[in-house]
Structure formats: structure tokens, C-alpha cells
Amino acid sequence: MTNEGDRSELFVQLLAENERHLMAYVMTFVYHASDADDILQETKLALWRSFAQFELGTNFGAWARRATFNRILDFQRRKGRESNWLVFSDSAMQAMAVQFESESEGMDERIDRLEDCIAKLPREHRRIVALRYNEAFSIDQVAEHVKRSVGATYRVLSRIRLALHDCAMASIGDSDVHSEPTQ
Numbered sequence: 233m234t235n236e237g238d239r240s241e242l243f244v245q246l247l248a249e250n251e252r253h254l255m256a257y258v259m260t261f262v263y264h265a266s267d268a269d270d271i272l273q274e275t276k277l278a279l280w281r282s283f284a285q286f287e288l289g290t291n292f293g294a295w296a297r298r299a300t301f302n303r304i305l306d307f308q309r310r311k312g313r314e315s316n317w318l319v320f321s322d323s324a325m326q327a328m329a330v331q332f333e334s335e336s337e338g339m340d341e342r343i344d345r346l347e348d349c350i351a352k353l354p355r356e357h358r359r360i361v362a363l364r365y366n367e368a369f370s371i372d373q374v375a376e377h378v379k380r381s382v383g384a385t386y387r388v389l390s391r392i393r394l395a396l397h398d399c400a401m402a403s404i405g406d407s408d409v410h411s412e413p414t415q
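Numbering (my numbering), first residue to last: 233 to 415.
It cannot be assumed that every hint is accurate.
[What the hints assert, rightly or not] Label pairs and their computed distance ranges (CB to CB): (1) Glu236 <-> Arg359: 38 to 46 Å; (2) Leu305 <-> Gly383: 38 to 46 Å; (3) Leu353 <-> Glu287: 37 to 45 Å; (4) Phe243 <-> Ser381: 47 to 55 Å; (5) Glu236 <-> Met401: 40 to 48 Å; (6) Asn291 <-> Phe369: 31 to 39 Å; (7) Met401 <-> Arg358: 40 to 48 Å.
In case anyone wonders, no lab produced these hints; they're calculated from the structure. C-beta atoms are modelled at their ideal positions from N, C-alpha and C, and glycine is treated no differently.
Taking the hints into account, I'd like the entire structure generated from these sequences.
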């Protein structure tokens, strides 16, 4: 890969393959999605600037998470200057990063399964999920948008979560069946 265009394409491909995982990683450390978006943007820029140092054939995701972790530490230090911000020590942050790594194996597959299950929901239920989780609306806001009472919204969300759980668990069983060797 000596051609700059090929290298750019490779970067875009590797970043696209790892972007969801990086966002999940950032969300492990920060509460607000807008902060996570900012950190991820800073990380992408840093990754692009240092991509020449990336050794082809090694684990891009691990390399990107190290860079992301440094941006998260910078963010924590900046926020630590604010009196109302909870800041973890570097060692606590490192422990959280290690925990994330151990728990994140297969995350992309689980996300894909969940997305498949969400796609199977009725349109109104998909809308409720999107409002609550993609748009981060409060239950009151979701209820107002879907013209339901707050109590009814809580109940429908509970049923949706149960349906998604059951669907995801069923798809795990399906993948186990399909992954068994044939004789």
C-alpha cells in the first residue's frame, strides 16, 4: 500500500469497521452522547494524522482504542477542572478499559442481532425505541410524541425490551445450531 489513495481507502474502511465499537468504548467512560461524539471526532482526526505510524497487519481496533483512551483521559482532565464533574483516576480508567476489552468480545455480532430484532418490531415500536434510545428522549417526551400516557409508555417500553431480549436470545440459539459441525 504505497499509494496515498489506497492508504486513505484503507483508513476509511478500517475506521468504518470499528466505529460502532469505538463509540461503545467511549460511552463506557462518558455519560452524554454529545461528549462521546466530540471525543470520537477528536479521535478520528488523531487516528488519521497518525495513520502513517499504524503497522499494517496489526489490530486496527486495538490501536484505535489506545488513541481513543488518550482522548478520553484528556476529556476527563478538562472536565475535572469543573467542580461538579466526577473524575476517575488514571488507574481506575485503565481498569475500566481492561474490563471493556474483556466484555466486548462479540459486541458487533450482538449489535447486529439487536438491530435485526429491532427491524422485526412493529413500526410504532421502532419509533418508540428510536425516540428513547437514539434521540435520548425522556419517558415523558416519548409519551408526548406517541400520544400515550407516561404509564402506558413505560409499559410498552417494558414489553418492547422483553421482546427484544427474547428475539436476541432466540437468535443466539439459532446461531449455535448453525455453527455446529455437520457429520
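Taking the hints in turn, this is what the structure says about them:
no.	hint	in the structure
1	Glu236 <-> Arg359: 38 to 46 Å	holds (44 Å)
2	Leu305 <-> Gly383: 38 to 46 Å	holds (43 Å)
3	Leu353 <-> Glu287: 37 to 45 Å	holds (43 Å)
4	Phe243 <-> Ser381: 47 to 55 Å	holds (49 Å)
5	Glu236 <-> Met401: 40 to 48 Å	holds (47 Å)
6	Asn291 <-> Phe369: 31 to 39 Å	holds (37 Å)
7	Met401 <-> Arg358: 40 to 48 Å	violated (20 Å)
Going down the numbered hints, you'll see the structure goes against just number 7.
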